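Here is what each chain is made of, one letter per residue.
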Amino acid sequence: MTTIQLDHVSRWFGNVVAVNDITVDVGPGVTGLLGPNGAGKSTLINMMAGFLAPSAGSVTLDGSPVWRNESVYREIGIVPEREAMYDFLTGRQFVVANAELHGLGAAEAQRALALVEMEHAQDRKIGTYSKGMRQRVKMASALVHDPSVLLLDEPFNGMDPRQRMQLMDVLRRMGDEGRTVLFSSHILEEVEQVASHIEVVVAGRHAASGDFRSIRRLMTDRPHRYLVRSSDDRALAAALIADPSTSGIEVDAAEDALVIQAADFGRFTELLPKVAREHGIRLYTVSPSDESLESVFSYLVAA
Amino acid sequence: MFTVFHPTVARLTYRALLGRRRALVLGILPSLLVLIAVAVRLLADGDPRSSTDVLGRFALAAMVPIIGVIAGTGAIGPEIDDGSVMYLLAKPVQRRTVLLTKLVVAIAVTMVFSAVPTLIAALILVGTADGIAVAYTVAALVASVAYASLFLMLGTLTRHAVVVGLVYTLIWETLLGSYVAGARSLSVQQWALAVGGDLAEGKLITSEVDMGTGAVLLTVVTVVATWYGVRRLRSLTPATEE
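Residue numbers (numbering that gives the first Met the number 0), protein chains in the order written: chain G, 0 to 302; chain V, 0 to 241.
Errors might be hidden in some of the hints.
[What the hints assert, rightly or not] To be clear about the criterion: a stretch of chain V counts as covered by chain G if any three or more of its residues have a C-beta under 8 Å from a C-beta of chain G, and this derived list gives those stretches:
| # | segment |
| --- | --- |
| 1 | 9 to 19 |
| 2 | 91 to 104 |
| 3 | 132 to 138 |
[Unchecked claim] Chain G stretches covered by chain V per the calculated footprint, using a threshold of three residues with CB under 8 Å from any CB of chain V:
| # | segment |
| --- | --- |
| 4 | 120 to 129 |
| 5 | 197 to 209 |
Derived from the structure by calculation, the hints contain no laboratory data. Bear in mind the structure is a predicted one, so any value in this text is a computation, not a measurement. We put the CB at the ideal spot given by N, CA and C, even for glycine.
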């Protein structure tokens, strides 16, 4: 049982507050750290990883401080977001070097490479790897000492769907084994597929916490706004407003488009194409106008 | 448990340092020195003035510090810059072990690429006469230690370590050193010459400072730079993209 405790943690850079008074316990199982870009996720992970001192508050691993304490790395494995690793080494040489730095050897390195299914390319130079392969070798380097805590910063970035699934499997397995796994992401779908528990961070603040169902509900139940262009905007507007899933429509003359407020997200997305077909209207543009993560998350914060 | 040297850190460091391109850059100046030595030997045939000029003005004043800049900053700067140093730091290895190991590698590389060619060039120019070869080689060796630690520290301090290092070397040690007496007595090069020059016969090799002062100042620079480098590495934080 290993728990990372953040107790009233803040971190500021000059007069920019990156993390603002966050208190959270990260325990065994998979936890997703969700938030838009720039929310302070990396800063939080860096503090949990002992790479950054909190400006206020404390970060501890089972009671011992993480900052300036090299011994915590016996328990923690870290998968950084940045791509750079020793490109002139082969995957195997890199993982072996990581094992040696833990006082381990080639056998442990081989086990870690097998775990991420990278044995087939282990003797190629890292410089020749695809993004997904790099990610897996990074994973192997973090798992080589069988850590009880695994921290991953945006691990799914740039991975193709198959690699994503593979990594998700590995993370789920780690969580099931009772390890404390925390990964950050700005994509809800990613987080809800793996994480049993979600912490949402917005603009440096702890916005929500819970299992994915409650977070999902918070996120999808809000009113959605769409920008729609069609062959006959006014006819489309008239047909849509008849249905209760639409709560408001505005004709935006400047944009030459409709701005539609949908009250029921699920029903509206089915309604729109159906209505358009029934009335012989062609849809040119359908784009969520406030689907930016910032607006989704700021809705969450306000909720 | 505290160890000075971690073989894995050393292996990663020297492999990064002696990567193909960097090894090429490191090899240029020493090759040039040996070529010049051969040319001077053939044209001026052992004239002591031209020989000490080559060794003093080119080898000691320019080549040793430039090699020191490349090896010293290169032993840690690129890793900090691209973030890969985090793989070393996220390990149960003390950060001063990481820094001291990198220092050992930087010193060794600087010595191999500067003191060894200095010795070869000196032997070509003057043979074993008057202890000149030994004197310049010792000067290059002690200068390697000071430069490597100085520029390694610089590598932990700024991402522009190479530029800062070269500016310091070329402007302070070489240019100002030729005109301003005060700048001369405050330079690693002069201190190293003071230590090495003592081994040559007579007053063939002179320095602005005496041998004792030179030795003390070299030690102080090395120790302070190393201490500060460790301090920097202990509180090194990754450059976040946020």
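Tested hints:
1. 9 to 19: holds (count 5)
2. 91 to 104: holds (count 4)
3. 132 to 138: violated (count 0)
4. 120 to 129: Not satisfied, violated; 0 residues make the cut.
5. 197 to 209: violated (count 0)
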